[in-house]
Amino acid sequence: MKQPTKKSPTSERTNRGSRTSFPHKTLHLAMGLCMMGLFACAGNSDKAPAPAAGSTPAAGAEIPKDTSIKLPSGFSASIVAEGLGKARHIVIAPNGVVFVKLERLKDGKGIYRLQDTNGDGKPDQVTGFGKFGGTGIAIKKGYLYASSNEDVYRFKLDDNFNVTNPDNPEKIVTGLIDRHQHESKSIALDNDGNLYVNIGAYSNSCQLQDRTKGSPGRQPCPILDSAGGIWQFKADQPGQTYGTGVRYATGLRNVVGLDWNTATNTLFVMQHGRDQLHDLFPDLYDTKQSAELPAECMYELHKGSNCGWPYIYYDEFQHKKILAPEYGGDSKKTGAEDAQDPVVAFPGHLAPNGLLFYTGNQFPEKYKNGAFVAFHGSWNRAPEPQKGYFVAFVPFSNGKPSGEWEVFADNFSGGPDKTASGRATYRPCGLAQGPDGSIYVTDDSKGNVWKISYKK
Amino acid sequence: MNRLFVMASTALLAFLLMSQTQKPAAKGGALAASIARGKVVYESTCQPCHMADGGGAPNMNPPLSRTKWVLGDKVKLAQIVLKGLPGGQIEIDGDTFHNPMPAQESVLSDQQIADVLTFVRNNFGNKASAVTVAEVKASRGRMK
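Chains as they are written, first to last, in my numbering: chain A, 26 to 481; chain E, 12 to 155.
Extracted from the complex, chain E is given alone in its bound form (with noise of 0.2 Å):
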């Protein structure tokens, strides 16, 4: 009996949180299985310093929920990730951080950026859309 009220009330949880989202349906089943693999990047490359609830190192490395780089212009995003930064650049409420994030752009390729893009968008507090292929590659064309 509990088990059914469970599923009864996940179900209309994600009846709910789909209709707010305005993507079509079919959207979802991709969206979902990008984030999948994000996760499995995210897990071998970032989670080492930005710890497994997003919420990075006090000092050392920043946090990824609900920050204006997670949130914000996704082809600035993609370029944090493909040339990492020198450390000291992100400042979040007055901390900086210590560590440098390094460059992924000859570790993972573009679709891997992209996965785990759109994991940590969907993740950590974070409620954002999709990073594609193509905008990772843009990204990567900028910066020529």
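Bound conformation, chain A alone (with noise of 0.2 Å):
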């Protein structure tokens, strides 16, 4: 059960700052003795000391594979990086720079910029920036967005994606309600010089008291007024707030993972549902149906979509836009019929946290244009097992789902036993796209970065 202790060549090299010649030697000792099996490999962590059979890495090309992740056959998984602490959402440079966002500081800095200066797959320039914690990232036009829980701020990228200005970003948006629950201001942007935050709800289902039993729902909900949606500002204008962006979609408690969909030109988002309808109401719903309801859902947004919450939620097995109980359902009647219905319906407090469309041509066709779904793992299936910690994908056709979400990447829990109890050993988070097509992975428990590639 203990991980062995080891050195981690992303930590390694965050500490001993600009000296580079020397670890770079190191790295490549490592690799060899990895190669040669005298060693566990660094950097892959501590489940798969033996290279995988089929997987042998031509000399100094690869880094070692990580087969403690399930992927369909092809397509394998590295660690790019470790020990990032609570890594949220992340961002890939054209040139493969990769930019990762930080919960929680590390070693003061709430920004990591990776690179792979040598071409052996391994980010070996490791600098950070920005000194707050937050959750959203991105790039768009030759700047570097990112978000802490109030505000986003945006730094200058140079021709080679450095930071020009790491101590002093432009405040672009600023003031945004952090109480909290629900503070992770995830950030998109689209092709028209729009930024989209999502302001989650600072409530379970806003009873008058929070999650208390007995507590009946705000009618009308007065939450919706400065959060529980996506607002849209300009991407380019600093110092807006509340007064200058416009609440773009509504109804939607929470919002951790979004993708604008360059093939619909739309923005797409992943909503967390509402926790507990056995715990506040024993009699309308068991702990079975708890665990399941309401769906996790994806929905397709245009200025002005309302997705329900707090009034509604979503039961996959009816097909149903439910009245939620605290304001008079009783687990059967419908309500807020105007309300949008989702793209997709996954099972319940899978927790969503990343959503990534696919355009790269290195997976095989199926995956074009398709979804990706990074669930973070549930809290709220007790005394059922939990269930999640694993990347999900959707196909897509014409800009709708052609056909069902399946498991894509599993595992990252350790095993069925951490899985069921959610004492999971990794916990998915953000995605990105590499200019190759690979896809990353980010997991905020211990601050693994996973690189997936496809080889036919």
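Please keep in mind that the hints were generated in silico from the structure rather than gathered at the bench. Positions of the beta carbon are idealized from the N, C-alpha and C atoms, including for glycine. If a hint is listed, it holds; no wrong ones were tucked in.
Pairs of lysine to aspartate or glutamate residues, derived as EDC-like cross-links and limited to a Cα-Cα distance of at most 16 Å, are as follows:
hint : chain 1 : residue 1 : chain 2 : residue 2
1    : A       : Lys357    : A       : Glu341
2    : A       : Lys95     : A       : Glu431
3    : A       : Lys345    : A       : Glu362
4    : A       : Lys238    : E       : Glu116
5    : A       : Lys345    : A       : Asp355
6    : A       : Lys443    : E       : Asp64
7    : A       : Lys345    : A       : Asp363
8    : A       : Lys238    : A       : Asp308
9    : A       : Lys471    : E       : Asp104
10   : A       : Lys166    : A       : Glu195
11   : A       : Lys358    : A       : Asp340
12   : E       : Lys50     : E       : Asp64
13   : A       : Lys238    : E       : Glu54
14   : A       : Lys196    : A       : Asp176
15   : A       : Lys313    : E       : Glu54
16   : A       : Lys156    : A       : Asp176
17   : A       : Lys471    : E       : Asp106
18   : A       : Lys259    : A       : Asp176
Not everything, but these chain A residues come out facing chain E in the computed CB check (under 8 Å):
hint : residue
19   : His205
20   : Gln206
21   : Gln234
22   : Asp235
23   : Arg236
24   : Thr237
25   : Lys238
26   : Gln301
27   : Asp304
28   : Trp404
29   : Asn405
30   : Ala407
31   : Pro408
32   : Ser446
33   : Gly447
34   : Ser470
Non-contacting residues of chain E with respect to chain A, defined by C-beta distances greater than 10 Å in every case (computed):
hint : residue
35   : Ala41
36   : Gln90
37   : Ser120
38   : Arg153
Dock chain one against chain two, each of which comes alone in its own frame, and use the hints as you go.
Set out below in structure tokens:
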């Protein structure tokens, strides 16, 4: 059970700052030993000391595979960084430079820039900057955007995707509500100069007293004025806040994973559905129903979209929008008929934290334009077993799902027991696509970053 | 034979444990009963957030094992359960927790709160004295 202590190249490099030549050598040495099977591979975590059959890396060209992550055949995962702590969202520049946003500062820094300068697949230049924790990160038109739980900043990038003003970014949006619950300000940008920011509802179901048995739902829910939706701002205008932004979509309890779909030219979001149906309404829901309901929903948004929170939730078994019990629902009555239906409904409480529409050419044809969803994993299914800790895939064609969703990358938890107990080793959070068509997955439990690639 | 051995060693262990806690034997029964009642309250009211193993949920709900609140002043502990917390108040190893903790003052009785806290203080790696109804009452009194 005890994890062998190992130095991750990432943290090593961070501590050493600008000394670059020596670490390169040690890395090559470690790689060599690793390939000779003499040592457990650094960076391959603690699970796969022996190289997997059929995946012997070509000398110096590839980093070791992490065979503990279960993938469809032809795909493989490798760990490109570890020990970053609460690694949330991630973005890859066109030259392959990786930027990771951390929820909690590591060595005083909230954003890490990882670059592989020697082409061995593992970042050897690691620099941190940005003195704020948070979730959102994106690159658009020469700028790196990143969010704290109240503000959105942007940094200027040069041609090599170095940040030119690491200590004084522009504050594009400021003063957004952060009341601890659902505080992540995830961001996405379109190609018309707009920035979209999630402002999660600081509540489970807009009860008078949050999460308190017997407390009624507030009618109308006042939270929706300043949260529980997606706000739209101008991407290049500093100092915006509520007054200057537009409430683009409402009735969304909390969105962590979102992505601008360039095939449909629309914003897609993953909502975290409400919790505690059984705890609050034991007469209406048994523990099993409470574990499964409501669905975690994907929505396609347009200006003015309303997805119905807190008045309804989506029941994926009845395929209906069910009136929330805080608003007089009985688990069968429907409500908010004008609210949008989801595009895809996933099982309850899996906590979708990352969404990525795949536009690369590396993966097989079926993945093109489809959606990857990183599920952070549940906590609210007890006493039923917990679930999640995987990356799912939904095929799309013509802007609509063209098949059932499936598990794409699994076993981040470390095994079925760890999944069931909720004591997962790793928890998928952010997703990004690299210039070569590989995808990246972050983990905000220990701070791993995996790169997933395909080879026929 | 195996079973005999297990029984004997369990008895021995129980004896050793009991002789270590300096409580009169009669109190053991009351304590056990309070813990048993507290378990039922825990499962219906606290477990959804603090989980079956008392380990909480990362970033969302704090663990209840050997925290300074669980093991600390009992009147203050009862106050957390009575009044709840807004979220972001508790910090453990630099981590804070995003959910609110719902107030139980109008949901649970003094007896239920005493029982559930006694259960928590004797589970999840905790070993501490029972919380009494009088202490919960004192906590309610202090809030006025």
